[in-house]
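Undergrad: Here's the letter readout for the chains.
Number of protein chains: 2
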Amino acid sequence: MRMTQEARRALRITLDYTNMTDKALGERGISREELLARKKLAAKAHEALRRDRGKEENFLGWTELPYQSGESVKEILKSAREIRKKFDSFVVLGIGGSALGPMTAFQALCHLHHNELPKAKRKAPRFYVEDNVDPVRMKDLLDVLDLKKTCFNVISKSGATSETLAQLLLITALLKEAGEKPKEHFIFTTDPEKSDLLELSKKLGGVKCFPIPRGVGGRFSELSAVGLLPAAVLGIDIKALLLGAADMDKHCKSGDLFKNPALMGAVLQTIAMGKGKNISVLMPYSDNLRCFADWYAQLWAESLGKNMTLDKRPCHLGQTPVKAVGATDQHSQLQLYTEGPFDKVVTFLSVGNYRKSVPIPDLRTGLLNVDFLGGHSLEELIAAENRATAHALKEAGRLNATVRIPEINAFTLGELFYFFELMTAYAGYLLNVNAYDQPGVEAGKKATFALLGKKGYGQLLKELDGEKPDPGCVI
Amino acid sequence: MRMTQEARRALRITLDYTNMTDKALGERGISREELLARKKLAAKAHEALRRDRGKEENFLGWTELPYQSGESVKEILKSAREIRKKFDSFVVLGIGGSALGPMTAFQALCHLHHNELPKAKRKAPRFYVEDNVDPVRMKDLLDVLDLKKTCFNVISKSGATSETLAQLLLITALLKEAGEKPKEHFIFTTDPEKSDLLELSKKLGGVKCFPIPRGVGGRFSELSAVGLLPAAVLGIDIKALLLGAADMDKHCKSGDLFKNPALMGAVLQTIAMGKGKNISVLMPYSDNLRCFADWYAQLWAESLGKNMTLDKRPCHLGQTPVKAVGATDQHSQLQLYTEGPFDKVVTFLSVGNYRKSVPIPDLRTGLLNVDFLGGHSLEELIAAENRATAHALKEAGRLNATVRIPEINAFTLGELFYFFELMTAYAGYLLNVNAYDQPGVEAGKKATFALLGKKGYGQLLKELDGEKPDPGCVI
Chain A
1 MRMTQEARRA LRITLDYTNM TDKALGERGI SREELLARKK LAAKAHEALR
51 RDRGKEENFL GWTELPYQSG ESVKEILKSA REIRKKFDSF VVLGIGGSAL
101 GPMTAFQALC HLHHNELPKA KRKAPRFYVE DNVDPVRMKD LLDVLDLKKT
151 CFNVISKSGA TSETLAQLLL ITALLKEAGE KPKEHFIFTT DPEKSDLLEL
201 SKKLGGVKCF PIPRGVGGRF SELSAVGLLP AAVLGIDIKA LLLGAADMDK
251 HCKSGDLFKN PALMGAVLQT IAMGKGKNIS VLMPYSDNLR CFADWYAQLW
301 AESLGKNMTL DKRPCHLGQT PVKAVGATDQ HSQLQLYTEG PFDKVVTFLS
351 VGNYRKSVPI PDLRTGLLNV DFLGGHSLEE LIAAENRATA HALKEAGRLN
401 ATVRIPEINA FTLGELFYFF ELMTAYAGYL LNVNAYDQPG VEAGKKATFA
451 LLGKKGYGQL LKELDGEKPD PGCVI
Chain L
1 MRMTQEARRA LRITLDYTNM TDKALGERGI SREELLARKK LAAKAHEALR
51 RDRGKEENFL GWTELPYQSG ESVKEILKSA REIRKKFDSF VVLGIGGSAL
101 GPMTAFQALC HLHHNELPKA KRKAPRFYVE DNVDPVRMKD LLDVLDLKKT
151 CFNVISKSGA TSETLAQLLL ITALLKEAGE KPKEHFIFTT DPEKSDLLEL
201 SKKLGGVKCF PIPRGVGGRF SELSAVGLLP AAVLGIDIKA LLLGAADMDK
251 HCKSGDLFKN PALMGAVLQT IAMGKGKNIS VLMPYSDNLR CFADWYAQLW
301 AESLGKNMTL DKRPCHLGQT PVKAVGATDQ HSQLQLYTEG PFDKVVTFLS
351 VGNYRKSVPI PDLRTGLLNV DFLGGHSLEE LIAAENRATA HALKEAGRLN
401 ATVRIPEINA FTLGELFYFF ELMTAYAGYL LNVNAYDQPG VEAGKKATFA
451 LLGKKGYGQL LKELDGEKPD PGCVI
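Chains A and L supply the protein sequences, listed in that same order.
Here our numbering is used: the first sequence runs in plain steps of one and ends on residue 475.
Here our numbering is used: the second sequence runs in plain steps of one and ends on residue 475.
Hints in this document: simulated from the structure, not taken from any laboratory.
It is possible that part of the hints are untrue.
To be verified - Among the chain L residues that face chain A by a calculated CB cut under 7 Å, a handful are:
| no. | residue |
| --- | --- |
| 1 | 5 |
| 2 | 115 |
| 3 | 160 |
| 4 | 165 |
| 5 | 271 |
| 6 | 278 |
| 7 | 287 |
| 8 | 307 |
| 9 | 309 |
| 10 | 310 |
| 11 | 314 |
| 12 | 370 |
| 13 | 443 |
Each residue gets a CB set at the ideal place from its N, CA and C atoms; glycine is no exception.
Throw the hints in and build the complete structure from the sequences for me.
TA: See the structure below:
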């Protein structure tokens with residue numbers, strides 16, 4: 001995978017924050033003075049990331065994923081080739097960071113009805129990501145799988161994720177029942193040193209395992225084997241994905257926020273947070289990027305939603321991410337966004353060239369609301385709606401920014417992943433929180449363990465059993 | 001469709017607001033005094049709805065949809081039978097309220113891999129709802145359709161929705177190219193008196209049209225032909241759907257908020273809004289109800305997100321709806337929900353009996369994190385996670401309520417639709433806003449018209465052409 005400097009530049013995504021400024025929004029906008037006042041803090045955040053990058057102990061291994069060894073990529077491509085040859089279906093068993101990246105790349109870069117295409121057109125196994133434990137969904141999935149022709153990629157950093165382990169137990173038993181060797185149908189992606197999946201691999205006779213490097217947390221893992229193996233199985237150019245990420249890294253080398261889009265994005269969002277904008281809407285104008293908004297939602301929410309600063313002062317920080325899709329949600333959320341409270345920042349993901357073109361025929365019906373559409377194309381219509389929505393929000397005094405994507409391909413998707421990861425990391429420094437832990441989910445996990453009778457949670461179970469709905473509060 | 005009183009009662013959904021109260025949350029909760037202080041206002045809201053219900057001029061036709069004539073239901077069932085016999089695929093062309101209801105019923109009540117099932121198992125046409133104008137998505141859809149065997153249900157109240165009309169023009173031309181008569185492949189669902197679709201029906205030789213009653217707005221239209229025809233085509237028991245809605249109507253007859261769950265729901269949410277909770281999370285613990293959360297998001301956002309009260313005082317009201325899905329989003333949003341700002345109310349949709357069962361085998365691996373799961377079932381696991389999450393939120397002082405659904409079927413889905421519609425209508429009265437208009441989307445529509453050169457928008461186009469990104473704000 002080689003690309004000229006020029007080709008890369010033509011594919012560079014950009015941040016346009018015109019409609020975040022006071023020039024566009026008057027006093028509802030952010031002034032240059034406000035930005036300049038953050039210049040030093042931003043440079044410090046940039047310097048902190050530069051200093052820590054790659055450090056395993058800080059969970060900053062993700063910064064180096066674009067530069068992983070050719071060997072590890074080769075190994076992934078080799079397995080992918082074998083899987084494509086041997087299996088009709090490929091199922092990811094994972095949840096959270098183990099699911100959202102693979103789903104995002106699939107939706108962004110594959111046919112939107114991939115699983116319904118005949119094999120010859122599909123050219124890759126059918127693809128499923130099971131990121132829940134709803135029994136209806138699991139049964140329904142089993143209805144469309146031929147187990148003998150299915151590969152299951154079990155993804156869990158710790159190897160101790162209850163949802164994923166429950167699925168693994170089920171599939172293991174079903175494979176055995178079908179007379180298949182589980183070992184030949186499983187691939188594990190997990191911590192290479194300490195993980196229950198490593199133990200299970202042994203017990204199942206040596207399941208092939210791919211590593212998630214120790215310093216890479218779930219929500220920052222898409223560019224590790226977590227995302228790369230499923231993508232490669234689908235025939236996605238994973239080298240281009242990594243190259244795009246590396247290009248974004250380079251593009252964000254500067255400590256000057258006016259020259260570093262990820263740093264500017266983080267500064268703008270944190271200024272907005274300081275002004276009470278507790279909602280961050282990501283609004284792609286593309287069905288291919290629906291899932292990207294879900295991926296971002298995890299990254300932004302889990303990284304910044306914290307009750308303690310790095311220096312251990314209590315806080316309740318975080319912006320709630322919301323997915324909206326254009327033009328669809330103009331007919332669902334736009335009314336609120338233009339007239340409701342001034343409580344959000346909308347970030348558009350705008351596509352330059354859609355990879356397919358659909359002209360709208362001119363049928364000359366004589367109807368005013370119909371005929372103006374003829375002669376245009378769907379891509380013109382959706383792009384016009386995107387521009388119109390940004391305009392309407394601006395007119396209503398609402399902060400909005402646009403990330404422009406020249407076209408959606410593996411390279412630009414790599415840029416996008418890395419851009420938002422960088423922006424999140426910078427925002428963590430700016431807010432002075434640890435962007436890499438998630439202590440707030442422990443209480444729920446423990447309560448689940450207690451309810452299912454796991455050893456050591458007897459006291460908590462008693463407490464939970466004492467908690468009944470108040471009959472006076474049930475109608 | 002007959003059901004005993006007892007059968008209905010067993011299927012009744014309930015609202016449990018224990019974790020909204022000060023008994024559960026201390027001073028972060030809502031006290032009985034606060035509720036009692038709203039008793040009169042709530043009774044007034046209830047009385048206003050009772051007075052206005054069914055009124056076309058108030059857009060309150062939706063309240064009577066559960067009681068629509070047997071004739072109109074018969075007509076829908078007749079068409080549905082013909083469609084099921086004649087076509088392999090059924091495509092809804094619509095956006096917003098014309099799409100979300102049909103998608104919700106499909107996902108709630110059909111097989112989750114419906115379109116991938118062989119015809120004999122599916123027993124209904126493959127089903128698609130096209131609610132966007134992304135050219136990639138349209139091309140990809142066309143790749144999996146056999147036009148000669150496809151029925152297109154074009155849904156638009158006004159008949160003037162640009163996105164839907166663009167799709168209609170395209171499909172009309174394609175059908176003609178394929179030597180098919182468009183008339184035989186289209187069904188229109190629209191205003192029965194004034195709609196461009198009525199004109200187009202004539203021009204196409206008389207396309208069959210189903211009515212959306214005049215007093216029924218898009219986001220309240222699911223129980224009209226908008227939702228009933230697609231549901232009937234899928235083999236969903238639409239009489240049970242209507243019966244469930246009627247049952248909920250009856251269940252909410254009281255003007256006493258302590259006896260009327262929809263009224264209590266509205267009062268609780270508006271009290272929370274007054275305390276700065278500007279985010280409303282709907283969190284179903286069921287993949288079948290994912291789309292229900294999107295349907296709710298439109299209903300709640302568009303109805304209450306307003307900049308003007310009924311007596312014409314300026315305001316900026318509205319709560320931003322967020323979809324989260326359990327257990328999935330415990331691994332994405334829960335960290336923020338437990339530790340972030342106290343800015344949201346989480347409403348769980350909890351399922352009593354999942355309609356399928358998946359036991360988790362006990363494989364005795366000797367691993368602590370694995371073996372406690374064996375012998376349970378996926379339905380136990382997901383229910384335990386739901387309970388654990390409610391507990392964790394309560395412990396963290398976060399407002400949360402639970403809507404309990406004994407099981408997901410057509411009857412309970414009817415209850416759910418009507419419950420949230422009622423709650424939204426009550427909230428409109430409580431907030432003193434018009435829950436049935438959406439003036440805030442006009443600016444965006446006009447700008448789109450201008451950008452596409454529609455007559456009469458020349459001045460606006462000039463203005464838009466003058467708006468360029470500030471080069472200093474593009475990185």
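Undergrad: Which hint numbers does the structure go against, in order from smallest to largest?
TA: 1, 5, 9, 10, 11
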